[in-house]
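Going line by line, the protein sequences match chains A and B.
Per the working numbering, the very first residue in the first sequence carries number 1; after that it's consecutive.
Per the working numbering, the very first residue in the second sequence carries number 1; after that it's consecutive.
Treat the hints with care, since some could be wrong.
When the alpha-carbon atoms are kept at most 20 Å apart in a straight line, the in silico EDC-like pairs for lysine to aspartate or glutamate are as follows [claimed, not checked]:
| no. | chain 1 | residue 1 | chain 2 | residue 2 |
| --- | --- | --- | --- | --- |
| 1 | B | Lys389 | B | Glu401 |
| 2 | B | Lys164 | A | Asp339 |
| 3 | B | Lys174 | A | Glu110 |
| 4 | A | Lys85 | A | Asp143 |
| 5 | B | Lys174 | A | Glu307 |
| 6 | B | Lys164 | A | Asp165 |
| 7 | B | Lys210 | A | Asp165 |
| 8 | B | Lys164 | A | Asp209 |
| 9 | A | Lys129 | B | Glu401 |
| 10 | A | Lys156 | B | Glu169 |
| 11 | B | Lys299 | B | Glu251 |
| 12 | B | Lys172 | A | Asp143 |
| 13 | B | Lys164 | A | Glu154 |
| 14 | B | Lys210 | A | Glu200 |
| 15 | B | Lys210 | A | Asp166 |
| 16 | A | Lys123 | B | Glu191 |
| 17 | B | Lys221 | A | Asp143 |
| 18 | B | Lys164 | A | Glu176 |
| 19 | A | Lys85 | B | Glu251 |
Think of the hints as simulated: they come from the structure by calculation, not from any bench.
Here's the letter readout for the chains.
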Amino acid sequence: NFSEVLKQSNQLSKVSPDGKYMATCVQYRLMVRDINTLQIVHLYSCMDQVMHMEWSADSLFILCAMYKRGLVQVWSLEQPDWHCKIDEGSIGLVSSRWSPDGRHILNTTEFHLRITVWSLCTKSVSYIKYPKACQKGMDFTSDGRYMALAERRECKDYISVFVCDDWHLLRHFESETQDLAGLEWSPNGCVLAVWDSCLEYKMLLYSLDGRLLSSYSAYEWSLGIKSVTWSPSSQFLVIGSYDEKVRILNHITWKKITEFEHPGTISNSKAVVFKEMEKSAVVGRDDLSIHQLTVGNSLFSTQSKYEITQLPTQVPVIKPDLDRANPKIGISAMAFSADNRYLATKNDNMPQSLWVWDMQRLSLLAVLEQTAPVRCFNWDPCRPRLALCTGNTRVYLWSPAGCVSVNVPVEGSFQVQSLFWHCSGNSLILLSKEQLCLCYMDSDDKK
Amino acid sequence: MSPSRLYTPSVMPPQNSFNVTGSFCTVENISECILYINQELSSLGFPPIFRNQDGIRDVDAVVALNNIYDLLQLHRQTVGMMEDLEVDQLKSSSDLHYQHLTNSRLKDQLELSKKENMRLHERERQLETNMKTLQNCLKDAKEEVQRLQGIIASRATQYSHDIKRREREYSKVKERLNQLLIARKDKHGMEVLNYVGRPDGRRCLWKTGKTEARHEGEMYKTLLNEFDNRQRELMMENMELKKVLQQMKREMMAVLNSKNICKKEEKQSNHVDQQTNSDDEENSFKELPGMSCDHAREKLTNSIRQQWRKLKHHVEKLDNQASIVQADDNEEMISKQVHDEETEKLRLEIQQCKEFIQTQQQLLQQQLNTPCDEETGAVLNDCYMLEEKERLKEEWRGFAEQKKNFEMERRNFTEAAIRLGHERKSFEDDRAMWLKHQFLNTSFGDHMKPQCRMTDELSRHSVHEEKNLPISAKVSKSHL
């Protein structure tokens, strides 16, 4: 059940946190629509092409950042004529985001010279010096009370913990990393996971008050950590690394409880392997002449469905070029389902496959083999349902009951580049290069 | 002459030189022949065949014959000896031959084994050289690895030093840029229509020491809450696990005890087990859930381990016995299959009984619950008594029959009574007539005695009649 196609640009389309509105940017215009009727409720014009757009946590404000001009404009939903413009001047703007209370905007200037904290409530402006330019240098706790920031002074990594209430520096301690690549709070807000760059496999765990709880290193010399995620219950810390393995640490002892391998040949497993089979419309090879090609698109619309292949089976592997930096090998993306039961992982040298693991049995549950590299996958925030897209005109859904591939019935081709779920789990928002489309789920589980 | 001279080869003349024709002695040279023979014999140690006493050369025949006999014996002996010697010679020559052969064979073998030895030596030498080269290669590879690791380490330090240097430069550049930009007093700021209220509606607070302390306090409170939660969860899990362990221990002990009581061989160990089991039980009941001291924990785990070991031994023993004693009539040790079958049967039986009971209950429930109208009620009620009614009917019938029989008999009796009455009447009439006749016929004198007699008879009769009369009266009364 699909909706009409709407225009957007820069893949900027976000649903408000309360799920009532959807904001879309087209060039310099910001359109806020009602999620149910898709009618435009508000229309705002910004001063330049919008590069980044974000809702505030209470769904009352939207910020639009224009990096080239160094401008941030904030719009209010309650008062459409309220306006706010933040100009960083010649210091430039690299990134901009809301604080969790929805009243402060954190701008990172060019070259990561400083982070400016603008307050919408008061006239105060705070500056944070020496932020680190890394993959993920800033993270807020899920309750929005604390912020962890990675800093680098005199060739050493430091971590600062701020209280988001008044931006008071709570703790400032040196991190034992060589070159901090990222940090992430656990969902319960008490443990901060800090990891080193891929040149060294090192995962450090700090408690909220700055004590080092534990450190974990699986091996040395080879390329290390590629991706990290917490389980929603804070029970597990999952580390994906360049050696194509996923290691799971438990929150009591911070030791590895198991590791998941992504071998090229799957055998001896209870997993189900779903292979996407494409069946093109029956066209003989001789018939494929020019005048056939010009006949509508329906000639090229292929049907695809999933077939279950017998084990043992081979997973298509693309050997990466190891001479280049950041080789396409290793676990680059991992996501937990909302009920903590399933983990989906993607191995970069098997880009067409998505692996789903059962966390209760700590074993492989399913492997989805697509015909094209998987571009984006997301779990339904309410149910154990996974949606993924590979850049073609289909969206794929997996649930423990089975999986299905759905064609996006749109005039012209709609190549699904990315997707995300509505917070109620009732609909999917599909984004192509220039367009977006909503996909409504049936009220009962779509098989 | 000594007998040893008998063995000189000169004694053995060749056989073909026996002259049978007598060319040695002719008629002319008899005496010379005799002399010669005499000489020879004497040289051989025989007595001379003739005596040279008075020039008469007489041959002593006896002596000559003895000498001939002795010569023949001698000859035989020598021939025998010659044969023996020949045999011996043959034997020794064949032995020698055999020895020669074996000698040559052994020499060949020796040659071969020497060659083999040489070959193996050669091979060993080659392998040793191989091994040496490989070891050298390994050493080289190890050295290479170490060298490369050293290179990597040194490069790493070099790179990190370089990076640090560049970072310092970079941060200097950033500082400079920062200063320049700040110095420029660039137009940067926030234009906002009006300030927005805080999301929770409260006013902003001043930053004071108290707020700092408050923040610290809140942070520690969060941490402590989290620790508390976690500890609570772990405690609950721990308690549950302990409960499970206790239960397991109890069940294991129960199983072991029941098994131990059956087995006769283990009476002594049974005693000991019971001792330890009773100790354990005491301890386990004393260990209330919540005891977390190390000693109690260790005791629990140790006792569990003990019980488990015992149970394992027991099961192993049972397995062994089951495998050895296949078809055993021992009622304690039935084969697993039979046991399984029996349990299945029992289960089926239980199931059937349960179903039966259920249906019964259902029917009873239905009976009590269903409200029925009077007719059907009556019918239903009646149908319970049907059997009894039938029986009663049967009995009634029986009674009726009996009644009929009684009736018949009564009728018979009454008829008989009537007949009897009639007969009596007739008998009375006859008697009266007879009496009358008697009275009329006999005299008064004889009246007294016959009367007495008659009165006696009469009385006797009347007694009989009275006896009869009551009966008939009773019968007639009953008839009425």
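(request) Please flag the earlier hints that this structure goes against, numbers listed from lowest up. (result) When the structure is compared with the hints, numbers 2, 4, 5, 6, 8, 9, 12, 14, 19 turn out to be violated.
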